Amino acid sequence: MYTLSTGLWEKFFKRKDYYVVIVGLDKSGKTTFLEQTKSRFVKGYGSFNPARITSTVGLNIGEVQINNICMCFWDLGGQEELRGLWSSYYDEANALVFMVDATRSDLFEEVADVFS
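Every position in the sequence shown, counted from 1, becomes a number in the numbering used here once 11 is added.
Hints should not be assumed to be uniformly reliable.
[What the hints assert, rightly or not] Cut-off 25 Å, straight-line C-alpha distance, at most; resulting in silico cross-link-like pairs (BS3-like, lysine-lysine): (1) K27 x K54; (2) K54 x K25; (3) K27 x K38; (4) K27 x K49; (5) K49 x K25.
[To be verified] Quick list of the computed label-pair ranges, beta carbon to beta carbon: (6) Y56 x F119: 32 to 42 Å; (7) T14 x Y101: 13 to 23 Å; (8) E121 x K27: 35 to 45 Å; (9) L15 x E121: 28 to 38 Å; (10) N60 x D37: 16 to 26 Å; (11) N78 x L107: 36 to 46 Å; (12) T114 x K27: 15 to 25 Å.
Hints are computed from structural coordinates only; laboratory data are not their basis. In this text the structure is predicted, and so the values were computed from the model without any measurement. Every residue, glycine too, gets a C-beta built ideally from N, C-alpha and C.
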């Protein structure tokens, strides 16, 4: 009986964490996507200000909680020297977002190489 009640308690009240890795070439919009998401779903976060966005060096972490679900975003730097670190985060992730700046057609070949 204890196991049943514990299971039901966890099902309805325990926070569920999901991890989302955001990768892509540098300046492709990864941090903008994360900041826009936080501005829409995090109470008291304030308005989205694109002028505040700077290049991510290493890792930028953001959380969005909706009811008992927490989306933990890992925004990874897109500079060429940081791309080798991306795979370190894949095993822990539940989802991957590969960001592409569609206005930069000159980078599509590099995007294809990095994505493969």
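Regarding N60 and D37, is the given constraint of 16 to 26 Å on their beta-carbon distance met? holds, 20 Å
- Query: T14 and Y101, beta-carbon distance inside 13 to 23 Å?
  - Reply: violated, 33 Å
Please verify whether K54 and K25 have alpha carbons no more than 25 Å apart. With Cα atoms ~21 Å apart, K54 and K25 stay inside 25 Å; holds.
* Asked: Do the alpha carbons of K27 and K38 lie within 25 Å of each other, as the hint requires?
  -> violated, 31 Å
Given the range 32 to 42 Å, decide if the beta-carbon distance of Y56 to F119 lies inside it. Roughly 33 Å apart at Cβ, these two residues keep to the hinted range, so it holds.
- L15 paired with E121, Cβ distance criterion 28 to 38 Å: The hinted range 28 to 38 Å is violated for L15 and E121, with Cβ atoms some 54 Å apart.
Just to be careful, I want the Cα atoms of K49 and K25 compared with a cutoff of 25 Å; is the pair within it? Given that 25 Å is the threshold and the Cα spacing comes to 22 Å, the pair holds.
Proposed proximity, K54 with K27 (alpha carbon, max 25 Å): The given pair, whose Cα atoms are some 19 Å apart, holds under the 25 Å limit.
Q: With respect to the beta-carbon atoms only, verify the hint that E121 and K27 lie 35 to 45 Å apart.
A: Holds: the Cβ-Cβ distance is about 36 Å, inside 35 to 45 Å.
Exercise. Regarding N78 and L107, is the given constraint of 36 to 46 Å on their beta-carbon distance met?
Worked result: The hint (36 to 46 Å, Cβ to Cβ) is violated, given that N78 and L107 are roughly 24 Å apart.
Q. Does the alpha-carbon distance linking K27 and K49 stay inside the 25 Å limit?
A. Status holds; Cα separation ~18 Å.
Practice problem: Could you say whether the range 15 to 25 Å given as a hint is met by the Cβ separation of T114 and K27? | Solution: violated, 36 Å
Hints 3, 7, 9, 11 and 12 from the earlier list are contradicted by this structure; the remaining hints agree with it.
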